[in-house]
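Sequences and hints are given; from them, build the entire structure.
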Amino acid sequence: MISYILRRILYAVPILIGVNVITFMLFFVVNTPDDMARMQLGMKRVTDEAILKWKEERGYNKPVVWNSEAQSFEKITNTIFFENSIKLFVFDFGRSDNGRDISYDISQRMWPSLAITVPSLLLGLFSYISFGLILAFFRGTYVDVSGVILCVIMMSISGLFYIIGGQYLIGKTLHLVPISGYDTGWEAIKFTILPVVVGLVGGIGASTRWYRTLFLEEMNKDYVRTARAKGLSETRVLYQHVFMNGLIPILTGVVVLLPTLFIGSLIIESFFAIPGLGSYTIDAINAQDFAIVRSMVFLGSVLYIIGLILTDISYTLVDPRVRLN
Amino acid sequence: MPNIIATLFFCIFISGCDSAAWNNPYSAEEVKQNVYYDSFSERPKHLDPVSSYSANEYVFLGQIYEPPLQYHFLKRPYELIPLTATSVPDPIYYDEQGLLIERSAREEDIAKVVYRINLKKNILFQPHPAFAKDANNQYVYHDLDEEKLSNIYQLSDFNLVGTRQLTAHDYVYQIKRMAHPKVHSPIAGLMAKYILGLSEYAKLLSEALEENPHDFLDLRKYDLPGVKVIDEHIFEITLTQKYPQFRYWLSMYFFSPMPWEADYFYSQPGMNDKNITLDWYPIGTGAFMLKENNPNRRMVLERNPNFHGEAYPTDGDAEDYAAGLLEDAGKPMPFIDKAIYSLEKESIPAWNKFLQGYYDTSGIVSDSFDQAITFSAAGEAELTDEMKEKDIRLKTAVTTSSYYMGFNMVDDVVGGDSDRARLLRRAISIAVDYEEFISIFANGRGESAQGPIPPGIFGHVPGEAGINHYVYDWQNNKAIRKPIEIAKELMTKAGYPNGRDETTGKPLTLNLDTPAAGPGTKARFDWLRKQFAKIGINLVVRATDYNRFQEKMRKGTAQIFQWGWNADYPDPENFFFLLYGINAKVGHNGENAANYQNDEYDELFNQMKSMENGEARQAVINDMVEIVRRDAPWLWGFHPVGFSLHHGWYKNSKPNLMANNTLKYKRIDPESRYEKQQQWNQAVWWPVVVIILILIFVILPAAISYRRNETRSIS
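These protein sequences, in sequence, are chains A and B. Numbering-wise, my numbering puts 10 at position 10 of the first sequence, and it's gapless, one number per residue. Numbering-wise, my numbering puts 220 at position 220 of the second sequence, and it's gapless, one number per residue.
Calculated directly from the structure, the hints in this document are not laboratory data. Don't take each hint at face value.
Result set (PhoX-like, lysine-lysine): computed pairs, CA atoms no more than 25 Å apart in a straight line [to be verified]: (1) B/K203 <-> B/K193; (2) B/K221 <-> B/K182; (3) A/K44 <-> A/K55; (4) A/K44 <-> B/K193; (5) B/K388 <-> B/K654; (6) B/K676 <-> B/K338; (7) B/K133 <-> B/K274; (8) A/K62 <-> B/K203; (9) B/K666 <-> A/K55; (10) A/K53 <-> B/K552; (11) B/K555 <-> A/K55; (12) B/K193 <-> B/K112; (13) A/K55 <-> B/K530; (14) A/K53 <-> B/K193; (15) A/K53 <-> B/K388; (16) B/K182 <-> A/K62; (17) B/K32 <-> A/K172; (18) A/K55 <-> A/K75; (19) B/K555 <-> A/K62; (20) B/K274 <-> A/K87; (21) B/K182 <-> A/K44; (22) B/K112 <-> A/K172; (23) B/K555 <-> A/K53; (24) B/K666 <-> B/K338; (25) B/K228 <-> B/K203.
Residues from chain A that keep clear of chain B, each with C-beta distances beyond 12 Å, as calculated [claimed, not checked]: (26) F73; (27) I86; (28) T173; (29) K221; (30) A227.
Stretch-level coverage of chain A by chain B, calculated; a stretch enters the list once three of its residues show a Cβ under 8 Å from a Cβ in chain B [what the hints assert, rightly or not]: (31) 24-34; (32) 44-57; (33) 92-100; (34) 134-140; (35) 177-184; (36) 269-281.
Since the structure is predicted, the reported quantities are computational estimates derived from the model, not experimental observations. Using N, Cα and C, we set each Cβ at its ideal position, and we do this for glycine too.
See below:
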């Protein structure tokens with residue numbers, strides 16, 4: 001297994017280089033270093049000298065990918081692309097275009113993101129699986145039919161509706177929790193309730209249907225028929241057999257998500273004023289801060305790759321038939 | 001698992017069960033305190049006063065830093081008064097020989113202008129570790145190294161603080177910082193034109209830094225000829241030419257005092273790596289100091305314990321007395337202890353929290369306009385009954401801003417000095433009905449512009465005498481846009497009868513270049529196309545991203561564009577310079593986005609900019625306005641009217657569009673606020689119970705039925 005993991009890690013290197021190249025190209029097609037300088041320096045009374053100075057200080061005055069005036073390896077290394085990319089591979093994110101230490105900012109802002117995403121994931125899993133099991137359990141009855149109809153309706157509604165509706169109903173009308181904001185320590189709990197509930201409700205439709213389908217598929221398999229034929233109660237069939245076997249796709253689907261929980265949610269964080277990494281990324285895109293954008297894209301890619309590797313490992317844990325080699 | 005759930009519920013219970021309402025976003029101890037609550041939507045980029053040039057940053061800087069001058073809080077038109085200076089300095093003029101000459105001297109006779117600024121005494125800086133000294137009178141934190149910084153993560157981690165008196169050296173130091181090679185001051189280029197030797201000083205500092213790139217660049221060692229310390233509380237600034245607007249700059253934060261100790265403290269190795277910089281942790285003498293800088297969540301200002309004290313104004317305009325704005329006259333400021341600004345990126349949550357009483361003030365976005373404002377039969381904006389019931393108050397003020405549509409004057413069709421192009425521009429000026437625009441897209445919050453100068457700025461002429469007679473007629477005591485037939489006649493005269501070029505017979509197509517795109521702007525562009533179509537012009541909207549739009553503007557390839565300007569200071573020069581030839585975007589990268597060039601106008605501009613306000617200056621201004629109205633490089637657009645709301649417990653509210661240091665004048669009645677918050681935010685639990693019951697009632701029959709099936713025996 002170790003050799004498999006090492007091989008997967010090595011495979012990740014070209015992927016990360018590719019992601020970095022694409023990010024770099026996309027960003028610099030839209031934004032020139034001059035544009036970035038103007039954005040940072042403000043729009044009023046910006047002189048060409050100030051722009052030049054800003055670019056010099058951050059190395060944006062160099063050629064983008066090929067320095068024809070440099071010698072030997074410096075033709076590649078003495079460029080914006082190389083200088084901005086190579087350090088990422090040792091997780092040195094450097095400083096943002098407005099001078100802040102990106103690693104420090106990430107370390108500060110991942111906690112609010114986790115405060116939303118972790119409870120959302122755990123409570124979501126619990127709720128969606130429960131609802132899925134209930135619908136599968138009562139398949140063909142009015143509970144199942146009305147549940148599926150409700151799920152389809154809920155899937156069809158935009159996520160923004162849940163956010164604004166949740167703020168209006170729970171925060172504004174019922175006065176149960178603050179509409180938006182964030183705080184540290186225990187005080188954070190009251191701010192996380194609404195975004196978690198909104199995220200949870202927003203995901204019920206699609207997830208419950210998915211889990212229901214998954215469980216129904218299991219319930220039609222031979223081993224379930226055998227279990228029933230043995231005279232096991234429906235509850236035992238469901239929880240001891242169907243649920244446990246249904247865990248394989250559930251687990252693999254969840255494990256891949258685990259590392260990306262750090263990245264947070266772009267829209268939820270923005271609407272609920274949560275100072276997490278999602279809003280950090282959005283702010284950087286709006287401010288044309290390439291240093292942060294490339295760091296966040298790189299980090300996201302790394303976490304996703306880790307997620308995929310963990311998924312592969314988790315297969316071997318939940319399904320003894322799978323071997324990594 | 002049950003333990004975890006129990007702990008979670010306990011935490012929720014603890015966090016919710018304080019004396020405040022459940023939905024209160026502030027901590028329990030803050031709710032009854034003398035705290036001002038507001039929100040901000042855009043994080044400040046710079047808090048170093050020499051770099052900052054943005055209104056969202058001035059909200060904070062204005063309370064912390066104190067330039068020599070400030071604007072009177074109540075008086076209109078805006079009036080400069082001393083802040084840390086003892087008086088508003090008058091310029092002293094000298095000729096080539098260094099002899100004193102009269103203020104009325106001709107500009108060409110003036111060789112230099114000196115502003116002598118006398119500072120008030122006994123002004124202290126806020127407590128700050130940069131000033132902390134030990135028993136031997138040595139600075140405690142001026143020899144920091146990696147080891148000493150190992151447990152330091154933010155400024156508050158330094159245990160010791162100190163202070164010292166404000167001196168003239170601090171102002172001189174800050175002016176020198178404009179030329180610092182590592183600091184980006186947006187006005188360095190402008191000031192280099194005026195402050196004696198600033199340009200050469202920048203080169204000197206660059207050379208010094210190149211020689212010793214890793215050493216602290218101590219500006220005290222390098223003299224700048226244009227600034228001079230006379231004594232501890234007097235300094236002089238020498239300009240190379242007459243520039244009456246310079247006094248206004250002395251009220252801006254570029255001219256705030258900066259102690260060398262702070263510059264040294266923040267420049268020590270390792271501080272930047274810890275994000276402890278002057279751009280993040282300001283140090284001032286103002287009424288407040290920045291206690292918490294977390295622009296991702298909230299910014300907290302706290303009363304500066306070393307504040308020198310200032311009394312609330314004792315005079316104002318006549319209506320200020322009636323409005324109760326002088327009830328606190330002569331009382332020591334500030335009135336509040338703390339101000340908490342919370343980040344709200346979206347307007348809807350911010351608005352709802354204002355209605356819940358968790359923000360003391362609010363603007364009005366389009367989404368909530370109808371909920372807040374209604375128009376009376378006379379067309380006056382009034383609060384709706386819902387707002388009145390909450391004792392919310394409305395304040396309106398015409399902003400010192402202009403939103404206009406510009407023609408690129410280097411364009412072959414709409415630009416240039418030919419009669420044909422001029423008549424075309426005038427025809428469009430009549431056709432685009434800005435009154436309708438204001439009504440539809442700005443909820444009536446705007447005033448049609450008659451020229452470049454907004455109301456409230458010297459040179460603006462109200463009433464009949466001030467209308468743009470190329471576009472408006474004066475009827476029934478108000479400016480009425482000329483009928484569209486006049487515009488059509490102008491089109492015919494311009495050689496575009498019915499919108500067709502009479503030489504080619506082709507329909508006239510013009511392009512509006514804009515960075516705005518997306519469904520939100522469609523209605524606006526459709527409306528604009530309709531306006532141009534009234535005179536037969538086909539308007540094509542060329543939407544692009546912001547960077548490409550800026551590039552088009554710099555290269556002069558845009559044809560028609562929309563632009564705006566917000567006054568730096570209340571002087572007509574700050575608007576007329578937007579049409580000054582030397583400031584053209586093309587070739588000069590200036591602020592003249594229309595690339596307008598008129599020698600007569602430029603000559604009058606040079607004359608006007610150095611004149612004192614008075615009849616003579618007004619006459620020159622009138623001539624300039626007439627020239628630009630005739631040439632019509634802009635559709636003058638409109639001056640937005642700012643609508644702001646505040647709760648009844650928030651006192652001393654008067655819009656001041658020039659001053660940024662207004663927090664010290666505000667007063668809050670926290671008891672009243674707390675009562676209202678409790679009254680408006682009673683938690684409603686019954687719907688939660690109902691939802692749970694519904695779930696039970698839905699599941700229960702199915703469960704019973706299942707149970708029955710499971711226990712049924714085969715008989």
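- Query: Which hints from the list above does the structure break, by number from lowest to highest?
  - Reply: The structure conflicts with hints 9, 13, 15, 22, 28, although it agrees with all the remaining ones.
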